[in-house]
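Protein chains: 2
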Amino acid sequence: MIKINQNFLKLKASYLFVDIAQRVVAFQKANPDRRVIKLGIGDVTEPLPEAVLSAFHAGVDEMADRATFRGYGPEQGYPFLRERIALTDFQQRGADISADEIFLSDGSKCDTGNFQELFSLEAKVAVPDPVYPVYVDTNVMGGRTGPYRDGRYEGLVYLECRPDNGYIPDLPEESVDLIYLCFPNNPTGVMATREQLRQFVDLARREKAIILYDAAYCAFIRDESLPHSIYEIPGAREVAIEFRSLSKNAGFTGTRCAYTVVPKGVTAADEEGNEVELHHLWMSRQSRKFNGLSYPVQRAASAVYTEDGQKQVRALTDFYLNNAKLIRRNILRLGFDCVGGDNSPYIWVNMERDSWTAFDLLLNEAGVVSTPGDGFGKCGKGHIRLSAFNSYENVEAAMERIARVL
Amino acid sequence: MIKINQNFLKLKASYLFVDIAQRVVAFQKANPDRRVIKLGIGDVTEPLPEAVLSAFHAGVDEMADRATFRGYGPEQGYPFLRERIALTDFQQRGADISADEIFLSDGSKCDTGNFQELFSLEAKVAVPDPVYPVYVDTNVMGGRTGPYRDGRYEGLVYLECRPDNGYIPDLPEESVDLIYLCFPNNPTGVMATREQLRQFVDLARREKAIILYDAAYCAFIRDESLPHSIYEIPGAREVAIEFRSLSKNAGFTGTRCAYTVVPKGVTAADEEGNEVELHHLWMSRQSRKFNGLSYPVQRAASAVYTEDGQKQVRALTDFYLNNAKLIRRNILRLGFDCVGGDNSPYIWVNMERDSWTAFDLLLNEAGVVSTPGDGFGKCGKGHIRLSAFNSYENVEAAMERIARVL
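As they're listed, the protein sequences go chains L and H.
Residue numbers are given in my numbering: position 344 of the first sequence equals residue 344, and the series is strictly consecutive.
Residue numbers are given in my numbering: position 279 of the second sequence equals residue 279, and the series is strictly consecutive.
There may be inaccurate statements among the hints.
Note: identical chains are not told apart, hence a pair may lie in one copy or across any two.
Calculated pairs, BS3-like style, for lysine-lysine (alpha carbon to alpha carbon, straight line, at most 27 Å) [unchecked claim]: (1) Lys264 <-> Lys10; (2) Lys325 <-> Lys311; (3) Lys264 <-> Lys325; (4) Lys381 <-> Lys38; (5) Lys3 <-> Lys378; (6) Lys10 <-> Lys124; (7) Lys10 <-> Lys208; (8) Lys381 <-> Lys264; (9) Lys124 <-> Lys311; (10) Lys29 <-> Lys325; (11) Lys325 <-> Lys3; (12) Lys264 <-> Lys12; (13) Lys3 <-> Lys264; (14) Lys208 <-> Lys3; (15) Lys10 <-> Lys311.
To be clear, the hints were calculated from the coordinates, so they are not data collected in a lab.
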């Protein structure tokens, strides 16, 4: 008789965004005339940039003609896109990353979720708290944790992000093998300085650990002294994998395109102590479990890296950052502490009350959907996340409503 | 110090299609004037159907307007597509499958590779021989096998497909938990009868095993007495998962759309012997590791299920089947035994000599690329696979060249 992977049963029964959706549905059912404004989930609202749309159509047109039709492409993606990414996102910022170190995919959720497959089940894993749940849940399903107790999984090392450390975690006190980091952070919106990142890179080099660095929101960085990529930090090429996405900068949440950077030279040990290149392992994994990203989507994505595309993406992120500024200003005016919203589309508000209570208050009294902080971990207690992904008018209206109830 | 997943090192060093590509490149370098005809890899060559192209463009257009723009969609896919699939591919053929049992994805390679994650590492796995390498390799990486020795991985049960059983495997003699089947088969092109499938379904019900049924090529079935879906077999809903793809029928190898059917009621046991629904586990897995298929691609795929789309897909598969018939007739005329090519785009030829020798002969003397059978497993020795995915003119020319050298 076949048995299941027992680790799946360790997962917390409910998924944060499902819980939220259910409460919103219940509210709308009870209040059919109230218009709810959503500042909850991190989904974009604005159309794809012009340059992307033209390239997308052109890509579809190529599929109409036998001479230009594309079947299976390289699992790691076409060189035309990988080369533009390497140049624009890395080399032009002084980060030494080449096109063949870039693996395209259909999402950072997949990549950050799948990458742990390359490592031993004995790897000691450190995650921030609060945290994007995918890093944690995929390690749970993979079998690297004990049961869920008292808001945390046994066996994981939680890197606490609290008001007193400015929500930037301290280095782990115990020895760890795998460290997940995300900057600009989801959910807190804070950004680490070069010096703060350098400390993590140095630790990883000392301990021969690997950093899985999620930079999905780096297009929102406006303070040019801050690092856009972990590869701007000396030595990071030896110890860090970076995840990037076109979801939040170019509006690809429904179109799907992301990439993972696996520099040659990042290694982990086999049982005999030999160093094995992660680049080789990820290539093995991807060539056996992935069939490449849709060709017209790759064509569409390549337009992001044209001069027009870069301008249009900048305008899109400026648009959301303008919303973020408005949220941040209003929250501070109301007397609450918050971080984020300057180099990030998220604002992390210390509500000084239970976060589901705060969520319910904003939903039921103001008709505004937020995300309760403790859905992201124990250190999220007392906080909510507000997202800048909406129209300016909606954000304005939401802030007026919030002002009335807080 | 971080350690790798040691199971990755068990993988055979080389991947079949990479080996083939290298030999082809070497041949072309040595013979720059010879035009090579590829009947090797199973990649389509003809443009997307008209109906699909229009819907694809319309889907892209929706992304241009804030009012119709789509961000994150449901991880399992939009109902508009899942409902059409359930109706057309199952209900209209008498198979009781509903839309909410269908999970869309970007490829059957991903789905057949990922599905093993749901099961215990102790599960005893049976695979056909010859076999699509993804089923085997993903179980190797997952940790369900011993080392590779003498052409096989220890710990797997190989279901032999030989000339003397008509390339339809006998039931396994030992008890197994997970059975991979693929019909119409890749690489042999043979199709199982209802009675043959029924025996596997009955075995799975008796032993509480699960069948992972890959029906990626079912659109090529022309003998209407043959089952298109395993759910046409009584009792299969309790024990079978089915994988389908739009790659080979609608030409989506470069566009990417597939789906997996997980009927409610297929269960496996937890450690305490409770039955757990695989539908629930797959939903858990997909919602944490996948972010849904590109919206314009879902829109494009939905056109496959319109009246025009169905006609155009039929014309496409007829086109390739006509090539297959030509290959089959010529191979038989040359005095070689073969199967497939009637309800499948593949022809499996018994070359009665080492399959790499046969491959090299066809490449070097005829300038035709085939796939050597032993790349698919021990029972593939002595065979080659010829694929019908090319233009009729190229297939005709290839058969003339082959006739001259054999």
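Hints, one by one, checked against the model:
1. For the identical chains of this complex, Lys264 and Lys10 are inter-copy neighbours only, at 21 Å across copies versus 35 Å inside a copy, given an alpha-carbon limit of 27 Å.
2. Taking the closest pair of Cα atoms, Lys325 and Lys311 come within 27 Å of each other only inside a single copy of the chain (21 Å); across copies the shortest separation is 54 Å, beyond that limit.
3. Proximity of Lys264 and Lys325 under a CA criterion of 27 Å is satisfied in neither setting, with 39 Å inside one chain copy and 47 Å between copies.
4. In this assembly of identical chains, the alpha carbons of Lys381 and Lys38 lie at most 27 Å apart only when taken from the same copy (21 Å versus 61 Å across copies).
5. For the identical chains of this complex, Lys3 and Lys378 are neighbours neither inside a copy (32 Å) nor across copies (29 Å), given an alpha-carbon limit of 27 Å.
6. Both within a single protomer and between protomers do Lys10 and Lys124 lie at most 27 Å apart by alpha-carbon distance, with minima of 18 Å and 23 Å respectively.
7. Within a single copy, Lys10 and Lys208 get their C-alpha atoms only as close as 29 Å, which misses the 27 Å cut-off; across copies the closest is 24 Å, which meets it.
8. For a Cα distance limit of 27 Å, the shortest separation of Lys381 from Lys264 qualifies neither inside one copy, at 40 Å, nor across copies, at 37 Å.
9. Taking identical chains as interchangeable, the C-alpha atoms of Lys124 and Lys311 are never at most 27 Å apart, the minima being 42 Å within one chain and 55 Å between chains.
10. For a Cα distance limit of 27 Å, the shortest separation of Lys29 from Lys325 qualifies neither inside one copy, at 32 Å, nor across copies, at 60 Å.
11. For a Cα distance limit of 27 Å, the shortest separation of Lys325 from Lys3 qualifies neither inside one copy, at 52 Å, nor across copies, at 44 Å.
12. Taking the shortest Cα distances, Lys264 and Lys12 sit within 27 Å of each other only across copies (21 Å), while inside one copy they are farther apart (37 Å).
13. For a Cα distance limit of 27 Å, the shortest separation of Lys3 from Lys264 across copies, 17 Å, qualifies, whereas the shortest one inside one copy, 38 Å, does not.
14. With identical chains, the CA atoms of Lys208 and Lys3 are at most 27 Å apart between copies only, with a shortest distance of 10 Å across copies and 36 Å within one.
15. Proximity of Lys10 to Lys311 under the C-alpha cut-off of 27 Å is found in neither arrangement, the shortest distances being 46 Å within a copy and 48 Å between copies.
Taken one by one, the earlier hints fail for this structure at numbers 3, 5, 8, 9, 10, 11 and 15, listed in ascending order.
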